[in-house]
Amino acid sequence: MEIKDNELLRQFETITDDGLVSIEYSLQERKIFLTKFCENENSDEALHEEFIKNVLSIAEDRKLKVVPTHLKLIKFFRKNRKYQDMLPPGIKI
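If you're matching positions, the sequence shown starts at 1 in the UniProt record's numbering and goes up one per residue.
These are computed hints drawn from the structure, not numbers from a lab.
Keep in mind the model is a prediction, meaning the values are calculated, not measured.
Heads up, the beta-carbon is just placed ideally off N, CA and C, and yes, glycines get one too.
Treat the hints with care, since some could be wrong.
What the hints assert, rightly or not - Think about it this way: if two alpha-carbon atoms lie no more than 30 Å apart in a straight line, the pair counts; the simulated BS3-like pairs of lysine-lysine are:
{"no.": "1", "residue 1": "K72", "residue 2": "K53"}
{"no.": "2", "residue 1": "K79", "residue 2": "K31"}
{"no.": "3", "residue 1": "K92", "residue 2": "K31"}
{"no.": "4", "residue 1": "K72", "residue 2": "K4"}
Said to hold, decoys possible - Now the in silico label distances, taken between C-beta atoms and shown as ranges:
{"no.": "5", "residue 1": "L9", "residue 2": "G90", "range": "15 to 21 Å"}
{"no.": "6", "residue 1": "D17", "residue 2": "R81", "range": "27 to 33 Å"}
{"no.": "7", "residue 1": "G90", "residue 2": "D18", "range": "14 to 20 Å"}
{"no.": "8", "residue 1": "I15", "residue 2": "R81", "range": "29 to 35 Å"}
{"no.": "9", "residue 1": "E41", "residue 2": "L9", "range": "17 to 23 Å"}
Throw the hints in and build the complete structure from the sequences for me.
What follows is the structure, encoded as structure tokens:
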């Protein structure tokens, strides 16, 4: 899966057969706030999870702490406990 970091629109995006899937973000200091998950007409949950995992891998490579604010991303963190260490201190989901 190829993920593009569109810095102008501040979103990670990938093109699928059903269209664009993206996660909007905001950078502050060493934290990345994942503010919106845009799935458009794509309803493939397995693809969504793979996309989120790849975005979190990018954040980990950049040594950023992750603050999910969108409900779908919060549910992902609750379901996948291994990503809890990417949260900043004091934030529990």
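Verification of the supplied hints:
1. K72 - K53: It holds: about 13 Å lies between the C-alpha atoms, which stays within 30 Å.
2. K79 - K31: holds, 21 Å
3. K92 - K31: holds, 15 Å
4. K72 - K4: At roughly 20 Å apart (the allowed maximum being 30 Å), K4 and K72 satisfy the hint.
5. L9 - G90: 15 to 21 Å: violated, 30 Å
6. D17 - R81: 27 to 33 Å: For R81 against D17, whose Cβ atoms are near 31 Å apart, the range 27 to 33 Å holds.
7. G90 - D18: 14 to 20 Å: violated, 38 Å
8. I15 - R81: 29 to 35 Å: Holds - the Cβ-Cβ distance for I15 and R81, about 30 Å, lies within 29 to 35 Å.
9. E41 - L9: 17 to 23 Å: For L9 against E41, whose Cβ atoms are near 19 Å apart, the range 17 to 23 Å holds.
The structure is inconsistent with the numbered hints 5 and 7, although it conforms to all the rest.
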